[in-house]
Amino acid sequence: MRALGISAYFHDSAAALVEDGVIVAAAQEERFTRIKHDASLPLNAVKMCLDTAGVDMRSIDTVVFYEKPLRKFERLMVTHLREFPRGIGQFSRAMGTWLSKRLWMKGEIARELGCDVEKIVFSDHHLSHAASAFLCSPFQRAAILTVDGVGEWATTSIYRGISDADGSRIESLGELHFPHSIGLLYSAITAYLGFTVNEGEYKVMGLAAYGKPRFLDEFCKIATIAEDASLSLDPRYFAYAWHSEKSFTSHLEALLGPARVPGTAFDLPAPEGSSAQRWADVAASLQAFTERYMLVLARHAQKLTGETCLAMAGGVALNSVANRRLMDEGPFTELFVQPAAGDAGGALGAALLACHVVDKQPRGAPMTSAFLGEEHTGASVRRFLDDCRVKHTSFADRSALYKEVANRLASGEIGGWFQGRFEWGPRALGGRSILADPRDSAARERVNRKIKFREPFRPFAPAVLAEEHDRWFVPVSQGGDHTTRFMCSVAPATEEARLKIPAVVHVDGTSRVGVVESGPLHELLLEFRARTGIGVLLNTSMNLKDEPICGSPAEAYGTFLRSDLDFLVLEDCLIERRPKWN
Amino acid sequence: MELKQKLGTLGELVELLIANGRWWLVPMLAILIGAALLLMVLHAAEYVAPFVYSIF
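Chain order of the listed sequences is A and B.
In this text, residue positions in the first sequence follow this note's numbering: the first is 463, and each later residue adds one.
In this text, residue positions in the second sequence follow this note's numbering: the first is 177, and each later residue adds one.
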C-alpha cells in the first residue's frame, strides 16, 4: 500500500510518502518554495516524494489529509459566536477564506495533485500527531501525548498505542479542548515578548535561560492546572479567540508589565530592573510553568495508561528543555519524540495511520534517520558548479575531504556542510549544516552576527560522536533516551564541556545535543577528534535569518555568497572563499 | 461534478453539526452560504452591465 500524507493550509505544509509501512520520503514545502513556514498545498514536496519512490499519482492508494477541515470550521463558527460582537472583523475575513476556498479543499487537492477525489480521506489533527510519534518510535506499546496550539478542537490529547500481530491501534483516552491550551499560552507570551508566533517559540526557550522564574505566581493566575492534568486559561488575558493580530490583552500587560515592541534590541545579560531582564524573567517563568504542566500531564498519562514508554508529538514536544525534565523527573522510563513533531509531522502521521492502523500492516524498523528529503548526488552538484563556473576542488577520496575540512575547522574556520538528503523536521542533523570549532567562544559570536545574523542570546547546539556523549554531557538518569538523535532534548554539560567547548554550552549550562552515530558527519567528527581530542562540533542549520534551511546546492551556494562562511562543502566538492581585496 | 462535490461537502458539514448537537448553527451556515452566493452574483454583475445599457 502506498499512502501519501499531506499537511497544509495553516502553517508548515508538508508531504510524506509511506510504502508498505516504510517511509520513502518526507519534506516540508518551505524547502522548495523558500517561504518560511509555507502553508500552501505542498505540490513540490509531493513531487519530490513521488520522484523518490519512482511512481506517479496513479500508483498512490490513498491521500490522507492530516486534519478534518469541517470540524475546524465548526470550531471557528462556535468560537466567533461566543465572542460576538468582538472579533467581527476577523470572523468576516476567516469566513471569506473558508467559504471561498478551504471548505472545498478536497476538490482542490484532487485537482492540483491529479488524483481521484475518492482517494482523499481526512484524519484527525491530534490522531495524526499521535501516529507520527508512536508509529515511528521503537515502542510496541506506549502512552502517547500530543500537545500543541490547537487542532480541530483538541489542544492536548492522551492516547495509548499498541502494535501487535493484528496491526496497530491508537486509543484515545482523553483530550483538552480549545481555548485551554499550553501551546497557545506559549504562543501568546511569544507574541508578548515581541517575537513572531509559530516562529519565535525557540527564541523564548533560549531567552528563558537568562531569566529567573519570578513571575511564576502570575502565571498561576493566568492558567490553572487541575489534578486531572487539565489546564484552564483565564480568558481575560488572551485575545487569540477573537483577534487575528494580537493574542494577548491589556490585562496581561497590567500583570507582567509592558510588552516588548518587536525589534527592540536585547542586551543580555541585562542589569536588574531593566526591561530586557524583565522579559527574560517572563520567558523563564513561562518555561518553568510549561515544564511543570508537562510533568503533571505525563504523570496523569502514565496513571491512565499504565505504560512505561512515552511517545510525544505536537509543537510543544519540540520544547527540548521540558523534554529533558520529563526524562529526569517524569514517570516514564523511555521517551521518543518524532523529529518533525510540529504540524509538518502530521503529514507523516496521517500516512502511517493509513498503513498501520487502517490497513493493519505490520510495523517495520523504528525511525532512526531523519534524512528523508531530496537528494543531490555528487555528479549533479559538480554539474551545477561547472555550469555556474564556481571554482572548486573535487575530492575523489572522501577521507581526504574529511581530513581537509577537519583541518580547516580546527584552525578556526567556519564552513557549510551539504551531504545527502536533507533533514525531516526543523533541526539540521548534518545534512544541511554550518559547522565550527566548539572550543572557541568567538566562533559563536561570529556565526550569530556575521553568518546567521540572528539574536546574540540564542545558543548553538553541539553535534557529538555517540561514543563521546557521556564525556561531554550528563546522560539521563533512567531508561532509554530516544531524543538526542534528533536534537529533541537538552542535557547538562559536564565540567569538562564547560571548560573545553564553551561555544556550545548555553548560559544555563545545558546543550541541545545532537548525537551522531554514522554518516559523513560521523566521519568528519572522527577526523576532528584525531586533531583536537574532541569529538564535538558546533552545528547549526544552513540558512540565514528568517529563511528556511537550504535544500538544493544552489540555495547552499547562495547562502555561502551572502554570509561570511569561510568554505562550503557540497557533497565531495570544496568551495573556498576567495581572498578579499583590501 | 464540482457542484455535486461541493453539495456533498455541505451535506457532510450539516450532518456533523447535527451529530455534535450544534444544529442551531445550520441557519447561520445557510445565511453565510447565501451571502457568499449573493456576493458571487454581484461580482458577476460587472460582466452583465454592458448588456443592461443596450437593453434599456
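Treat the hints loosely; a few may be bogus.
Unchecked claim - Per the computed footprint, the stretches of chain A lying under chain B, defined by three or more beta-carbons under 8 Å from a beta-carbon of chain B, are:
| id | region |
| --- | --- |
| 1 | 536-542 |
| 2 | 565-576 |
| 3 | 603-609 |
If you're looking for bench data, these hints aren't it; they were derived computationally from the structure.
Built from N, CA and C at the ideal position, the CB exists for glycine as well.
Okay, the hints, checked on the actual structure:
Look at the region 536-542 of chain A against chain B: 3 of its residues bring a Cβ nearer than 8 Å to a Cβ of that chain, three or more, so the hint holds. Requiring three or more residues with a Cβ within less than 8 Å of a Cβ of chain B, the coverage given for the region 565-576 of chain A holds, as 4 such residues are present. Coverage of the region 603-609 of chain A by chain B is violated. Counting CB-CB distances below 8 Å, 0 residues qualify, and the rule asks for three or more.
In terms of the numbered hints stated before, the structure departs from hint 3 and from no other.
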